[in-house]
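Let chain A serve as the given structure and place chain B on it in line with the hints.
Top to bottom, those sequences are chains A and B. Start counting the first sequence at 1; every next residue gets the next number (this note's numbering). Start counting the second sequence at 1001; every next residue gets the next number (this note's numbering).
It is worth saying that the hints were derived from the structure and are not from the lab. Backbone N, C-alpha and C define an ideal beta-carbon position, used for all residues, glycine too. Some clues are possibly wrong.
Examples of chain A residues lying across from chain B (beta carbon under 8 Å, computed) [said to hold, decoys possible]:
hint	residue
1	P31
2	M175
3	E177
4	Q261
5	S262
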Amino acid sequence: MARELWKGNEALAEAAVRAGAEAFFGYPITPQTELLEYMARRMPELGRTFLQAESEVAAIHMVYGAACAGVRALSSSSSPGISLMQEGLSYLAGSEVPCVLVDIMRGGPGLGNIQPSQSDYFQLTRSAGHGDFHPLVLAPATVQEAVDLMYGSFELAFGWRTLVILAGDGTLGQMMEPVEMPPMRALAVERPDWALTGAAGRPPRVISSLYLDAAELEESNLRLQAKLRQMAATQQRWEGFCVEDADYLVVAFGTVARIAQSAVRAARRAGIRAGLFRPVTLWPYPRQPLEAICPQLRGVLVVEMNGGQMVEDVRCVVRERVPVRFLGHLGGVIPMPDEIEAELAQLVSLSGRAALS
Amino acid sequence: MERSIVVSGFGGQGALLAGQLLAYAALASGLEVTWIPSYGPEMRGGTAHCTVVVGDEPIGAPLVRHPECVVALNLPSVDKYEPLVAAGGLLVYDSTLVQRPVERVGVCAVAVPASEVAQRSGSPRLANLVLLGALLALRPVVTLEAMGAALRDHLPERHADLLQNNLEALYAGAALGKGCVQARAL
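In isolation and in its complexed conformation, chain A is listed as follows (with noise of 0.2 Å):
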């Protein structure tokens, strides 16, 4: 099929169609407006459903309604219209039923501003409600891997029971770039064994987050907590640039690691063996394939849209072996090529002081 210019949130939510997504809900919120817009169009044509809700805490729980239900059903926000969701993603996650959600996120804290931002990293992966569990969390760099990604997620969503998380940010969502689109998926026809779909000629099914006694809600959490840790050991998904004979490694994921990309180029045509790591999976983070790099490296600049967050999974997993230093824009400011090159220089002028000391 030939590659045609797609916008971010569009190719988001046309993927998400043919990967057979059944039911859409959410909120308008700048900057993944585009995708609910789309759907609204959308997902009537075909027959399925899109309904705007009258707030993000309403869209979630018509989710979880819908996935308790067995259907796939997703829907998309931005940082603070995330936070309002948190209540149902907890409970999707306490009665381990399936969804997609998408967060293009955007400066905060509070109403912050509608540029792109990569401050949720700590939310999505550590606290995407209250309670113990994660995410799966998934960061697209380019606009085809958003659709590639998006193509993938009800397999891992319903596989795994669990809800996945896409996470953009504002770039992504706006951008235009060329796409391959996958082609369109038959819905699926069979609800899992788990799905209330009718007691009729069955024993009814019950889906709940509500476990009164203590070592019944703590059976139940171990459960999960065991597939979460089975999860962390198989999920694992990186990319890597330049990696190879890397002596310097630049760590970024989404937007930022294309920015460093750039970066990890010049550099090397100014004689830095630079590489890029570019964890795919946010939750569970790819320690293992970074631990495997450490021994040949010489220092690590982390980058991000934040104030610090990633480099804190970073740093446990290269401790004090080697310099990790910290590049980090907020509100909306976009690192550019030039600032990592010359972050990744002073790593070098630094690392190359603590080899001669």
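Structure of chain B alone, referenced to chain A:
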């Protein structure tokens, strides 16, 4: 090789559309491309701009600090991008609306009476196409034929009747741009 182009103007002058058309033409020419708009409050007054990056390889950074080419549709855009355009870069602007000279040395500043020329092609709103034509004559990021094809394929349906006017404006701009090249050669 990567090339970066910023198109900037008042909301409604067609800066974002001009950049999109360039991106469509680049894609159809087998190039890699990104297009990213300003989507902040400037959409509601002030300047709206977009950045187009075109290259042979997948594009890394979709934004640039110092664009190689700037197409400025109004005075605030010239004010903003005169200091930002890359050294040795190109600044094409509508001299019907911008009546001050560009003072920066080391960049190629090209004054095109775009609104006036556009008026002759049917509407001053075609100034974006005139400037795009001039840009392509001076920096052939894509061919004029590819740009013409992009216009035919992607001009919003409600403006389909204006295709000929758009093409005329594009080629008129290209002729003015070519004139500049020749003037410089002399």
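Outcome of the hint check:
1. P31: Cβ of A:P31 sits 6 Å from chain B, so the hint holds.
2. M175: Since chain B brings a Cβ to about 5 Å from A:M175, closer than 8 Å, the hint holds.
3. E177: Because about 5 Å separates A:E177 from the closest Cβ in chain B, which is inside the 8 Å limit, the hint holds.
4. Q261: This interface hint holds because 4 Å falls under the 8 Å limit.
5. S262: With Cβ-Cβ at 3 Å, under 8 Å, it holds.
Going down the numbered hints, you'll see the structure goes against none, and every one checks out.
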